[in-house]
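Student: Letter by letter, the chains look like this.
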Amino acid sequence: KQEVTQIPAALSVPEGENLVLNCSFTDSAIYNLQWFRQDPGKGLTSLLLIQSSQREQTSGRLNASLDKSSGRSTLYIAASQPGDSATYLCAVESGNTPLVFGKGTRLSVIA
Amino acid sequence: KAGVTQTPRYLIKTRGQQVTLSCSPISGHRSVSWYQQTPGQGLQFLFEYFSETQRNKGNFPGRFSGRQFSNSRSEMNVSTLELGDSALYLCASSWAGQASGANVLTFGAGSRLTVL
Chain A
6 KQEVTQIPAA LSVPEGENLV LNCSFTDSAI YNLQWFRQDP GKGLTSLLLI QSSQREQTSG
66 RLNASLDKSS GRSTLYIAAS QPGDSATYLC AVESGNTPLV FGKGTRLSVI A
Chain B
1028 KAGVTQTPRY LIKTRGQQVT LSCSPISGHR SVSWYQQTPG QGLQFLFEYF SETQRNKGNF
1088 PGRFSGRQFS NSRSEMNVST LELGDSALYL CASSWAGQAS GANVLTFGAG SRLTVL
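Which chain is which? The protein sequence lines are A and B, in order. The opening position of the first sequence corresponds to residue 6 in my numbering, with each subsequent residue numbered one higher. The opening position of the second sequence corresponds to residue 1028 in my numbering, with each subsequent residue numbered one higher.
Errors might be hidden in some of the hints.
In silico BS3-like links for lysine-lysine, alpha-carbon gap of 25 Å or less [what the hints assert, rightly or not]:
id : chain 1 : residue 1 : chain 2 : residue 2
1  : B       : Lys1040   : A       : Lys47
2  : A       : Lys6      : B       : Lys1040
3  : B       : Lys1084   : A       : Lys108
4  : A       : Lys73     : A       : Lys108
5  : A       : Lys6      : B       : Lys1084
6  : A       : Lys108    : A       : Lys6
7  : A       : Lys47     : A       : Lys6
8  : A       : Lys6      : A       : Lys73
Worth flagging that the hints you see were computed from the coordinates, not collected in a lab.
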């Protein structure tokens, strides 16, 4: 059974800092891994999707990497801004099972 | 194009009542998935419907049910509500459906259910 873990559970950084969020999964036989952002009381917004054959994806100040063999992904946020404050979730799609989510990292960027 | 629309956004019920939540997917999307989100358990998969057929079901009691109509709109129903059913219920739509290998889910804003 696929399990997804995100560390840390919460993170507070000053504005402008570069930061890394971590995601690990137990079964490396995945189709893809996705990173989502969730603002308080809102739905999820897809940020990046990495196919199993890819090593990384970039969108603006965000860069996500995938190491299938070690069961890990990182989300790198460059030059963080207060508007980046949100909960970031990773999710893994594998086999004939629906997306399995981690519990997220709650990020606060302090101005 | 319009996003995923969930109604109602907020509702309050009492124990023992039942509730129906609605989800209108993005036009052209055939798959609708439902998730329950709570602070303790995170996001847990409820079920997925694809072209009116339930394709996958999570580990929830039979009080949780759903259906999908020919226009891809979906409803989920929870009967005999319990306090523990208080949660944010999210639906997501996609064209290819889950476990397709090239799936990007688009989520709605959710329905916040409070059971008193």
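Student: Each hint should be assessed against the structure and marked as holding or not.
Tutor: Hints and how they fare:
Between Lys1040 (chain B) and Lys47 (chain A) the CA atoms are separated by roughly 21 Å; this keeps the pair inside 25 Å, and the hint holds. Note on Lys6 (chain A) and Lys1040 (chain B): the hinted pairing is violated, with a Cα-Cα distance of about 34 Å set against a maximum of 25 Å. Note on Lys1084 (chain B) and Lys108 (chain A): the hinted pairing holds, with a Cα-Cα distance of about 20 Å set against a maximum of 25 Å. Taken as a hint, the Lys73 (chain A) and Lys108 (chain A) pair is honoured in the structure, with Cα atoms around 20 Å apart against an allowance of 25 Å.
Restraint check for Lys6 (chain A) and Lys1084 (chain B): satisfied, since their Cα atoms lie roughly 15 Å apart, inside the 25 Å limit. Note on Lys108 (chain A) and Lys6 (chain A): the hinted pairing holds, with a Cα-Cα distance of about 16 Å set against a maximum of 25 Å. Under the criterion of a C-alpha separation no larger than 25 Å, the hint pairing Lys47 (chain A) with Lys6 (chain A) is inconsistent with the structure, at around 28 Å. Restraint check for Lys6 (chain A) and Lys73 (chain A): satisfied, since their Cα atoms lie roughly 16 Å apart, inside the 25 Å limit.
In summary, the numbered hints that this structure violates are 2 and 7.
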